[in-house]
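Student: Those sequence lines, one after another, are chains H, W and P.
Numbering-wise, our numbering puts 10 at position 10 of the first sequence, and it's gapless, one number per residue.
Numbering-wise, our numbering puts 117 at position 117 of the second sequence, and it's gapless, one number per residue.
Numbering-wise, our numbering puts 71 at position 71 of the third sequence, and it's gapless, one number per residue.
Among the hints, a few may not be true.
List of simulated lysine-lysine pairs, BS3-like, C-alpha gap at most 25 Å [claimed, not checked]:
1) H:Lys165 / P:Lys110
2) H:Lys177 / W:Lys43
3) P:Lys19 / P:Lys47
4) W:Lys43 / H:Lys151
Covered stretches of chain H (in silico footprint by chain W; criterion: 3 or more residues with CB under 8 Å from a CB of chain W, positions within the stretch not fixed) [to be verified]:
5) 42-56
6) 77-91
7) 107-115
8) 133-145
9) 162-176
Simulated from the structure, these hints should not be mistaken for laboratory data.
Just so we're clear, the structure is a prediction, and the values are computed from it rather than from any experiment.
We treat Cβ as the ideally placed atom computed from N, Cα and C, and that holds for glycine.
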Amino acid sequence: MNLKAIKGETDMGERGKSILSEGLERAPSRIDEVPEERVIRALLDNFPSTVTDFKTLKKGVIRAKMERRELYKCCKFLRDHLGFEHLSMISAVEYDNRFEIVYHISCYGSCLLLELITSTPKDDPSVDSVSSVWGGANWQERESFDLMGIKFNNHPRLERILLPKDYLYHPLRKDFKGGD
Amino acid sequence: MWINMGPQHPMTHGLWNLRIKVDGETITDAEPEVGYLHRGIEKLCEGKTYTQIIPMTDRLCYGSSLTWSHLYCLTVEDLMGVEVPERAEYIRVAAIEMQRIASHLMWLAAYAADLGAMIGFIYTMRDREIFIDLLQALTGSRITYNYPRIGGVAHDVPPDFERDSLRACDYMEKKLVEYEDLFDGSKVFMMRNVGVGKFRKEDAMNLGVTGPPLRASGVNYDLRKDMPYSVYPELDFEACTHPDGDCYARYRVRMDEMFESCKIIRQAIQKMPKGKWRIVAPRNAPSGTGLGRVEDPRGEGMMYVVGDGTDKPYRLKIRSPIFVTVSAAKKMLVGYKVADVVAIMGGLDMCIGEADR
Amino acid sequence: MKADPADPSMGNVLAFRSKDFLKWADNVLEGILRRSPIGTGIDLITKDFFNWATRNSIYPLHFGIMCCALEMAVASAPRFDAQRFGVIYRSTPRQCDVLLVNGPVSKKMKPALRRLYDQMPGPKWVIAMGECAISGGPFYNSYSVVPGVDQFIPVDIYIPGCPARPEALIDGFIKLQKIIKDNKKGLLTGK
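Chain H on its own, in the form it takes in the complex (with noise of 0.2 Å):
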């Protein structure tokens, strides 16, 4: 048994670069070659007024804020030119005056995770739906429905996941008191 002779071949393109498409300018810098900072750049440059306050968090780690309106646009930009083909995980947080949905989206090629989070205000907490981008994103939106009743346009089919069907509340907010 011979590992070596298992392991496949794979084509994600040389580690520590991250995958960027032709059109896209690069500015000669030496700080690109840090790839946390080309995204920020990219991102920067592309959706100046949607997308602030920029933060790595650690190695690999990076959070923007962004507005809801350029959510879909955004996130088809990360997926075809910035490389980030994998979108990890979408949590919702209730605060006091507004949800918060976060998305934690990674790139193989260049192994970065960006959290990305987006707010909403407490009397209209609905924000595009990003299945069409990562398929991944499909049970975990209706997952957020469920528990904690963000609604998600242009969902496939938003229903109840795990709750019962005929459930009414949503549990994880924090009026929830029991139920039943």
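With chain H fixed as given, assemble chains W and P onto it according to the hints.
Tutor: Then chains W and P, alone, in the frame of chain H:
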């Protein structure tokens, strides 16, 4: 016509329902239904202190419960900014890799029994008991351990633990070669696995599938090597992949992972330094967020915690690999026969406790 | 045996249709076996034998919910080996004697579990294994867990533990054997 396979079905390990639409014997559509084991863990965690949540996270995926309590401790340590002593990290890694071997052996037992090779169930369960005994000597319990703590582990290793673990690794490597002969030499096993349930690389990446099914489709991504945590950067091992993407590839990846885990356990035991095994973490967490990410035996597990200055979390979100992998069932099943459902769904190693939370 | 006045073929055996013949034969046999001294006599002779056979071949259902299901699987593995007590798992509830509930029952699962219990033919018993089945366990105050399976199914044996060890499960089977032995009933007359 839609057929229900579940929630009580001898093949679907765990409590879920697979609805398939058949045309004769061929599957034309599939729709999995989960939620029969929903216990509301995320809501329950908002009323417990950080240390009280550790036994709850054990019961998320009971097949590999050390991974989930370790993931939770990593997340809260990220939130609180706590540095874990080195001896504790090595103990954690050794215990997690033993848990990985036990989890894969449990998978192999159920998989072989479903495909008709009952001898696989008998042999692998006997060998799994060796690792369960080691973990019971270390932690005190057989499947839900309650062993990692925020800031280290609960207590030190027992006497003779190093000698027994090295013996167990030697024994396991001999036995794994025997299993390969047993399964690869069986014509029926090969016929039911090779070429069945082919899953393309692009579909796997887009649908969020992680873990052995992703690596069996040719994508070389293992969180222990690519975004390493704990002391994995100092250990020498390979990520196991296979180019084919069928059921045999997933079986092969898990067998290789068991070989690699034996290597990791040996290195962790030999490199373990002396010192403290736990520091006491603060009771209240600062306001902010923490993120933890591990390579669970079933895929990529993540947890996201929001702290608000008190001793209870404000929000704890758990990402379960099986929840997302099961949603890709339709792509894997369409076009194959009803008898292939066992091999394809069994190859994903479903543990519904983590999917439903 | 009374003749049924609404049935014209009663009393004339040669003119029966097959369905009526079966009904008549049932009635005759029931009269001989259950209500006459012949039935009680057969029961007296065979009661011990059938009871011994029932208690040494308890067939549980292949049904696993959560962590205790792993210990149920291990109980039939080589180290603990429940098969030497006659315990063989069957896949369909129609062939089972015992329903082993080994995990928390969520509100979505409750009607399915009740239906499984109703599908089992008598005599049947229920074992609640683990804290979650006895009282809801660590999830007793959750919004979606039924606190205890005995809220909608009658339970005979409770096995505590979280998770219950395989030895405890085998001990539970032995106690069930004792219950079956103590409640000896003739198969024909039910006494």
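Student: Indicate, hint by hint, whether the structure satisfies it.
Tutor: Tested hints:
1. The hinted pair formed by Lys165 of chain H and Lys110 of chain P meets the criterion: a straight-line CA distance of about 14 Å does not exceed 25 Å.
2. Between the alpha carbons of Lys177 of chain H and Lys43 of chain W the distance comes to roughly 11 Å, so the proposed pair stays at or under 25 Å and holds.
3. Between Lys19 of chain P and Lys47 of chain P the alpha-carbon distance is near 32 Å, which puts this suggested pair outside the 25 Å criterion.
4. Distance check on the hinted pair: Lys43 of chain W and Lys151 of chain H sit about 20 Å apart at the alpha-carbon level, within 25 Å; holds.
5. A stretch counts as covered by a chain when three or more of its residues have a beta carbon under 8 Å from one of that chain; for the segment 42-56 of chain H and chain W the count is 0, and the coverage is violated.
6. With 6 residues having a Cβ less than 8 Å from any Cβ of chain W, the segment 77-91 of chain H passes the three-residue criterion, so the hint holds.
7. Coverage of the segment 107-115 of chain H by chain W holds in this model, with 4 residues showing a Cβ closer than 8 Å to a Cβ of that chain against a need of three.
8. Counting residues of the segment 133-145 of chain H whose C-beta lies closer than 8 Å to any C-beta of chain W gives 8; at least three are required, and the coverage claim holds.
9. With 6 residues having a Cβ less than 8 Å from any Cβ of chain W, the segment 162-176 of chain H passes the three-residue criterion, so the hint holds.
Consistency note: the structure conflicts with the earlier hints numbered 3, 5.
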